[in-house]
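Listed here are the chains, written in short residue letters.
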Amino acid sequence: MAILEVEHICKSFGDGFSLREVSLTAKRGEIVGLLGPSGCGKTTLLRLVAGLEQPDSGSISFDGDLVHGLPPKDRGFGLMFQDLALFPHMDVIGNISFGLRMLHLSKVEINQRVDYLLNLVDLKGYGRRKIHELSGGERQRVALARSLAPEPRLLMFDEPFGSLDRGLRESLQIEVRSILKKVDVTSIYVTHDRDEAFAMSDSIVIMDKGSIVQAGTPEELFRSPRNELVAWSLGLKNVMMGTLTSSGEIDTPIGPLRGKGTGPSSSRDTPVLVLIDERKLYIGPPINPSSEHQTVMEGVIDNIQFHGGESNILCSVFNGKVTCLVRPGDTDVSFQVGDSVSLVVPAEAIRWVPASE
Amino acid sequence: MTTRRLLILGPLFYLFVFFLYPLTAILARSLNADSLMGVGPFSALMTDSYYLERIWFTIWQATVSTLLTVAIGLPVAYLFAKHQFPGKTVLKAVSTIPFIMPTIVVAMGFLALVGPQGIVNSVLVGSFDLDAPPVRISNTLLIIFMAHAFYNYSIVVRIVSTFWANLSPRLEESAAMLGAGRFETFVHVTLPLLLPAIVSSAVLAFAFAFTSFGVVLILGGPEFATLEVVTYELAAKLFRLELAGALAIIQLVFTYLFLVIYTKFQAGAAVQVELVPRGNTSMHRRRLRDTVFVFSLILGLLAILSPLWALLERAISSGEGYSLVHFISLFSNETGSYFYRSPLTIIGNSVRFAICTMVIAVTVGTIVSYYLARSQRQNAGILDAIFMMPLGVSAVIMGFGFLIAFDQDPMDLRASWTILVIAHSLIAYPFVIRSVLPTLRGIPIHLREAAAVLGASPAKTFFHIDMPILSGALLVGATFAFAVSMGEFGASLLLVRPEFTTMPVAIFRLLGQPGDSNIGQAVALSTILMVIVAIGFILIERFRYKDMGGF
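Just so you know, the sequences run in chain order E and F. Per my numbering, the very first residue in the first sequence carries number 1; after that it's consecutive. Per my numbering, the very first residue in the second sequence carries number 1; after that it's consecutive.
Don't read these hints as lab results, they were simulated from the structure. Mixed in with the good hints there might be a few duds.
[Claimed, not checked] To list a few chain E residues with every Cβ distance to chain F over 10 Å, as calculated:
no., residue
1, Lys-73
2, Leu-120
3, Arg-129
4, Glu-138
5, Pro-150
6, Arg-153
7, Asp-208
8, Gly-255
9, Glu-278
10, His-293
11, Val-353
[Unchecked claim] Below, in silico cross-link-like pairs of lysine-lysine (BS3-like), each with a Cα-Cα straight-line distance of 30 Å or less:
no., chain 1, residue 1, chain 2, residue 2
12, F, Lys-82, E, Lys-209
13, F, Lys-82, E, Lys-130
14, E, Lys-130, F, Lys-264
[What the hints assert, rightly or not] Covered stretches of chain F, as calculated for chain E (at least 3 residues, CB under 8 Å):
no., stretch
15, 139-145
16, 186-194
Ideal Cβ placement from N, Cα and C applies to all residues, glycine included.
Make the full structure from the sequences, and use the hints.
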């Protein structure tokens, strides 16, 4: 059952940017990843939920109570900013205990809680450090501990690891996720990084241009991405629009594809979103002609990217482009940019879903 | 020895001869004095209750003035730091006007507003048919406090609002997310973060109020004499040079104490907080309460400037309606006085001295800045402090030092106008350094390296890379130097010869003569001075580089 319910929120700014009819829910204890390109409105949505901005219309409720209109301090939510916003005039303990002091807890309670949190984020012994004496990763931990300290009902993250290098970011993601699960706090996690969103979240919400495009668990999104943006966001490489023809083929920019493929049954001559699994394609010198189970096409290699032992080969085919994944040992042929090749698209590599706006 | 090191010898020589030598002369004069029945002038001062009282008075009037200054300055700083509204740039510029106004103009402005014949009293007398002006605050402490606050509040506004505007709003939002209300956020987060900026601006305001001369001399009257006024009277009227010297030394010790505190807090403000570009920091929220608040702050700000409007109004009002009679009477020598000088001569003197001052101050300031920008941090700090020293010496003391140091051949400069220009340039060049140095330090080293790799010599690099970037800051520094010289009063009063009378001195002399006509002329001349400085000021605002200069 949803504990956070954001319904039909609209918010426009003077500079033309706006959020349109945004709705969002989160279940108790769930980590919701909010994924989308820069400027899509993720941060604005967070600020609206936090109470740092007021919506023009729509409602925000938590645990059954409306919260929009309440000042941030009365919502019991936490927010960790991209720049962390640690108080530079306080030490680590001063930062972590700030929210507890605002609650007017006793000294003993505050000390106990701070000790617990320092342990939780693995910063024991750092209590009296100044903020400027800490490394990037240590600051993230302090910010996390500070956000957790007043036991927020909902904790929000605004791209908190954006400034860290890749290795540190990945290890912190794992650690933060396990801490969030341990204290069992409902969270919203904003990022523009697909890998980070999937690493951190139980469910994903994809935003674009001020609206929510699709929401669901990662599995649901993979099963039926609503449009090209979602499919690209999921990291799928071969995404294109097509049309189901009466002859049982799919018309695509790379030519008609044979074979039934997998996808929900649909009436003929309707536009569909075609997804081709790059791992199931065959690339090489010309071979057997097309059969019922596969389509063979001629293409030219545009680009070869070597990545993690595998090669992503981008080919121009007809009016479109296709990426194939080639693993070492798949073929003896060595490819060069500009080579003419045959591409075999087996029927089982093709998936299609009804296209929506 | 590099060119850079050779170049710095010039300013060092200038500083030693025209600053340290006169100071030493004052010290020597007060220490060698064996008058006063064998009691040294220091112990004479310290045992005389009058002087102790003056010291005490100077301290507490400066304290009260500073508190008032900060109280007025903070809301205005908040307005400029956190709110966007139409006409902000202009209003921001206007709010800075008092600081570069000559003290004598400020004093005259207050007389024009609340003096016996000021606007407020004329209106009240006229409206209610009164026999005597009802507002009698000239020659009171109140008017001194008001004038000091008026003169110095823009220091607080400048320093604090720059800092405030660059303070990340995420800090305050974080506090709000952690359960702090508006008040708690201000007390626990905003105020502590602003404190270094507030303290350093307050210390500056205190130092200016502590060494205040023109305002106190004109508005205060004898019972409210500060150390500066007492020093002037001892030196210029009573010819007790050894006592004046001792008093000057005591005042110097105080002033340097303030400068040390100021530097300490300014350094604190610089390292602790990561500042973010402004534009990201102003408020998104628009509430009626905010709008009303902003509007009343703007009105308040315009009210703060009322002495200047009053001065303008008084200059063109002549009992019956408006006319230019005060300006015209400036040209007639009614009493046939020997001391009479045409206003054109006086204005000519002031402008001529100001231009010479500007040239010297910019040359010295640029060379020193260039040297400091290339020096190692530690050395630069010490040298910077040394070159800032004239900022801590009051104008009266400087004038006094010149009088006793340059009274013998071959350095008898007392009859020459160069002595005025040198005094003015000593007061002005620190402002040039404070304007140029931050910009010079801000030029990325890569730019110079790129120029060098592309084959430019150091001189060519300076003229093609540094100069174009610096031009804005140089212009600000130059205009500041010009304004300082135009308004300089304390040193000029001691050093000026009748034939070299400057505008502030002429205004003061006019005030000292009886009759309404003389007061009218003083008001008119003050207005001309105000306008000349204001024109310079408009230039400053047009060319101010990125809002990040020191002052």
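Comparing the hints with the structure gives:
Here E:Lys-73 does not stay apart from chain F, with its beta-carbon only about 5 Å from theirs, under the 10 Å limit. Residue-level check passed: E:Leu-120 sits 17 Å from the nearest beta carbon of chain F, beyond 10 Å. For E:Arg-129, the condition that its CB be more than 10 Å from all CB atoms of chain F holds, with the nearest at approximately 15 Å. At roughly 16 Å, the least C-beta separation between E:Glu-138 and chain F is larger than 10 Å, which holds for a residue marked as non-interface.
Distance check on E:Pro-150: its Cβ comes as close as 6 Å (rounded) to a Cβ of chain F, failing to clear the 10 Å threshold; non-interface status is violated. At roughly 12 Å, the least C-beta separation between E:Arg-153 and chain F is larger than 10 Å, which holds for a residue marked as non-interface. No Cβ of chain F comes within 10 Å of the Cβ of E:Asp-208; the nearest lies about 22 Å off, and the non-interface call holds. For E:Gly-255, the shortest C-beta to C-beta distance to chain F comes to about 50 Å, beyond the 10 Å cut-off, and the non-interface label holds.
Look at E:Glu-278: its CB is around 41 Å from the nearest CB on chain F, clear of 10 Å, so calling it non-interface holds up. With 10 Å as the threshold on Cβ separation, the claim that E:His-293 sits away from chain F holds: the shortest Cβ distance comes to roughly 58 Å. Listed as outside the interface, E:Val-353 is consistent with that label: its C-beta sits roughly 39 Å from the nearest C-beta of chain F, beyond the 10 Å cut-off. Annotation: proposed proximity of F:Lys-82 to E:Lys-209 holds, straight-line Cα distance about 29 Å (limit 30 Å).
With a CA separation close to 28 Å, the supplied pair F:Lys-82 and E:Lys-130 stays within the 30 Å bound. Between the alpha carbons of E:Lys-130 and F:Lys-264 the distance comes to roughly 19 Å, so the proposed pair stays at or under 30 Å and holds. Counting residues of the stretch 139-145 of chain F whose CB lies closer than 8 Å to any CB of chain E gives 0, so the stated coverage by that chain is violated, three being the minimum. Residue count for the stretch 186-194 of chain F with a Cβ under 8 Å from a Cβ of chain E: 4. That meets the three needed, and the coverage hint holds.
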